[in-house]
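Undergrad: One-letter residues, chain by chain:
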Amino acid sequence: MTSRTPVPEDSTVLDEPAALDEPVAFDAVPWTVSARELRADHEVGSQLRPLRLAARRPTASELTIVVAAVAAAAAAAAVVLAGGIAASPDGFAFILALYILVCVVAGLAWRRARPWSPYGLALVAYGLAVSLYALGTTTQPLVHSLGVLLQIPGAFFVFWLVLSFPSARLDSAGRAVIALAGAVLLVGCLPAVFLVDSLSPTQPLARCAARCPANPLQIGDSESLARLFGHVDAVGHAVVYGLILTLLAVRFARASRPRRRLLGPVYLFAALLFVSMPVYQVGVNLFGASPVASSPAGFALTATTILFPFGFIAAIVFAYAYVGAALASMVREIGVSASVTGVERVVRQVLDDPKAQLAFWLPRSRRYVDRHGRGVVLDEEDTSTWRSFEGDDGEPMLAIVHDAALDEDPELMDAVGAETMLALENRRLQEDLLDSITALRASRKRLVAVAAAERRKIERDLHDSAQQLLIAIRIQLELARGEVGPASKLERQLDRIAADLDRALDELRSVAHGIYPPLLAEEGLAAALTEAARRVSVPVELELEDVGRLPEEIETAVYYCCLEALQNATKHGGSDVVVTMRLWWEPHLLRFSVSDDGVGFVPGQSPEPTGLTNMLDRIGAIGGRVSIRSAPGRGTDVDGAVTVSP
Amino acid sequence: MSTAEPKNAQTVRYRIVVAEDAYLVREGIRQVLAQEDEVEVVEFCSDLSSLLQAVDRHEPDVVVTDIRMPPSNTDEGIRAAASLRASRPEMGVVVISQYVSPHYAIKLFEDGSARRAYLLKEHIGHRNHLMGAIREVASGGSVVDPAVVEVLVESRTRAKNSPLAHLTPREREVLAGVAEGKSNAAIAKSLFLTKRAVEKNINSIFAKLDLADDTDVSRRVVASLMFLAETGVPVQSVSS
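Chains as they are written, first to last, in the numbering used here: chain G, 1 to 646; chain H, 1001 to 1240.
Please keep in mind that the hints were generated in silico from the structure rather than gathered at the bench.
Ideal Cβ positions, reconstructed from N, Cα and C, are used throughout, including at glycine.
From the structure, some residues in chain H lie toward chain G, with a derived Cβ separation under 8 Å:
1. Gly1028
2. Asp1075
3. Lys1121
From chain G, some residues computed to sit far from chain H (all C-beta separations above 10 Å):
4. Ala122
5. Thr341
6. Val376
7. Thr383
8. Phe389
9. Leu424
Only chain G is shown next, with the shape it has when bound in the complex (with noise of 0.2 Å):
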């Protein structure tokens, strides 16, 4: 897990990383599967590539959603041009259908992005209702002064989409702003649409000015009393721009950095917008400034209009490559940061969210626990601050609790998710290893034990059954010995027995011995690998060190390596070798060495003296190690260390 691709900028985002495409470090089956499991793993989190999303096949439903568009912006764009009375026909026929269009593709990402979310949904329903604007711009006069009021909803809309933006839920702050609007609206704009002659749409490139027809709604003709309802209308608009602008302020201002990173293009689009409207409307109403489009307040008022729905695609074009560019963070933390600790530091820091904690799924008690192993309550009516991810199999296996913020970037928490899972899975990949490979070594002891356990039980029973019934056989006939004349036939027949008795037990000793030498139980390696040298025909130096007593099975490792480099020295050493073996202590570490002076033998080269992955085999499953270097004419030196724990 040492390289790891940076996220690069096609699609490959999670691609695998190339060092587990070499099987060069796995040789054995099982590795392989591990690394084909890694690899599967890291498919899970390939689902979850952000910037694949836009390459996904458009489902019927947003076929269906962007053939209405296309009609809707088509029919708008026709009706104002069939009207005619727009200040710019041309001009607004095209912003409109524009605008209905940027909305609908603004909002079918939304719902890609988040399909849970009503919010996508709502954004294209803006854009679908957004044509009916073309009403104010057509002549017949109740459907022109409908079409006109159609701003009113409209603009409620428009505060809606801001300030509930991105749970589509408005909070009490958004709830009271609205509110004020609606009032705004009750005691101006409602009651001067009742008394102007005449009505207009805001739009500078729709204004009808002189073209307008006549407003059919209108009860009363009173100017005086029309200007001060505008007036108090433009006042409120003022104030309530203002309102929302200062909300927007203060959430920007306390959200966290990943929420502002989502918040700011929808913020700084609206706000721009929300500072136009009144500037314009005031401007216009209260101090006759020119309302066309070429006018500054105008033109201005255009551009942050048509701006507007870009705010909602660009927050998630910038979601993603936030996402993308945590998780190229993340990844090059965690590849250096292996514990679950560092894991946990890397998702608060990506998260930015110093809080966040991991919540790690005990599938047999079936509750969460966090790195300490405590337990962690979710709360499974409120997943606003905690998100579950789920392995393969479906079951939980980690949750992260993070601020409630984040509940509103998805892209964010699923990538992070992922990576997590993918760490903490590759982390538990290699304890698993370490696991079998301890497992394996244990058996591999537990082996070596049996077959010393073995040993000695068979030299046990030839102990008692066969050696002691020659032994009271010998004592018999020696017994019948002294019954018989001397130097009769019979006493000549006995002694061929007797010395034939001799050369059984001598016999049975030896393999009694080789089977299992009493003396390396009873008395350790120093004793044994004494007496086993006197065994040998061949000179043995000994410098053996008192080691004491060591566990039965590094004690058992230890000496049938020392005899079967004895032994090797001994068959095939030549006639004048001489052999020094030695014992000795260093810190932890029992050393032993079988050199000779033989003729030696060319390692790797058949024929190699037997018994030398015997001896590799012995201490390799005590998880010591043996060296065995030789050169014809050079002798052969056996050096063996086992690590012998305190």
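For this one, chain G is given, so just place chain H on it according to the hints.
TA: Quick look at chain H alone, frame taken from chain G:
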């Protein structure tokens, strides 16, 4: 356990407890000792604890014990000898063993060689072999089976960190003579020393090998064993 048939109290010189867990071997010992008028076997035992109880009961002159018996089947005989060395210093112990390994013999003599004998079981049928050892230990001496010595003689191992390293070259020469079974006079003659000088050397050797307390005969046996165990110099025999 079983007791041997009572013998004429006049002729009996040695009252003996025998411990041997293998039935057939035990019967062999019974037959060997039944031939001897000087010996009365007061009890046959088959493990360490019954041996020690029998010793308490009979206070025998000599114990003949198997080296390897229940409960642990390792070196009970040697342990019994060590414990009797402390509790009954006058009691002789003959350890019978199937091990030719000198290690056990040396271990038996570790805390003093007086009244101790190490015999191979297969040889106890030989006329006078076991009886000779019983007489020797009863009179304060030591015996090592010649087969054990032979192992040392034939072995060609040399230990580098042995107590013999502290001996002077002259002391080593004298000890070699002892190990060859020579008398002090013979050693003096072969090394062109006075008999007095040989005795001085020998006392120094015993002190350096920590063999201060035993009789001269047993000290010579142990020193010889040690010498052979460490040097492997061929000699004829050390058995007494």
